[in-house]
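Just so we're aligned: the sequence shown equals residues 1 to 140 in UniProt numbering.
Keep in mind that the hints were calculated from the coordinates and are not lab data.
Only a predicted model underlies this, so the values are computations on that prediction, with no experimental measurement involved.
Keep in mind that the hints are not guaranteed to be accurate.
Below, in silico cross-link-like pairs of lysine-lysine (BS3-like), each with a Cα-Cα straight-line distance of 27 Å or less [unchecked claim]:
1) LYS105 - LYS36
2) LYS118 - LYS36
3) LYS118 - LYS105
Pairwise CB distance ranges (calculated) [what the hints assert, rightly or not]:
4) GLY106 - ALA70: 29 to 35 Å
5) GLN49 - PRO15: 38 to 44 Å
6) ALA74 - ALA120: 31 to 37 Å
By construction, the Cβ of each residue, glycine as well, lies at the ideal position given by its N, Cα and C atoms.
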Amino acid sequence: MPDCLFCSIVAGDVPAFRVVDTADGVGFLDIRPVFKGHVLLVPRPHVGQLSDLPAALLPGYFALVQRVAAAVPAALSAQGTFVAMNNVVSQSVPHLHTHIVPRTKGDGLRGFFWPRTKYASDEEAQSYADRVRNTLGAAL
1 MPDCLFCSIV AGDVPAFRVV DTADGVGFLD IRPVFKGHVL LVPRPHVGQL SDLPAALLPG
61 YFALVQRVAA AVPAALSAQG TFVAMNNVVS QSVPHLHTHI VPRTKGDGLR GFFWPRTKYA
121 SDEEAQSYAD RVRNTLGAAL
């Protein structure tokens, strides 16, 4: 889809801090993370929302979600993750994406209020992407 930001990231036309790039999907850091290391995972083809994802793509996509959700806490010394997706409402980019957010008890996240932060630099963002990518590679 020509005007879709996430399609442009998948195609490599827009830079992103990638953590995984497979036939099943592409994962990259959210540029406005809830917590540092917050990954967005998208299917390669343009799919607007979960109900539009072809059944044939479900197993591979959700297996990748599962792998990334396991890698994020291992890579970042977090206790767990918050995994979520919006469909239409609160979906800032109309391309299906799954949020995988590192969590630690007492981190201050309550309910669906998602305070946002920023990376101090591209180098800091790249270090988070590298840590998750390296952990994913070790888990293959």
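Comparing the hints with the structure gives:
At most 27 Å may separate the alpha-carbon atoms for a hinted pair to count; LYS105 and LYS36 meet this at roughly 15 Å. Between LYS118 and LYS36, the direct Cα distance comes to roughly 8 Å. Compliance with the 27 Å bound is thereby established for this hinted pair. A hinted pair counts as satisfied when its Cα atoms are at most 27 Å apart, and LYS118 with LYS105 qualifies at roughly 21 Å. For the pair GLY106 and ALA70, the supplied restraint of 29 to 35 Å is violated, since their beta-carbon distance comes to about 22 Å.
At roughly 25 Å, the beta-carbon separation of GLN49 and PRO15 lies outside the given 38 to 44 Å, and the hint is violated. Range check, ALA74 to ALA120: Cβ separation about 23 Å, and the 31 to 37 Å hint is violated.
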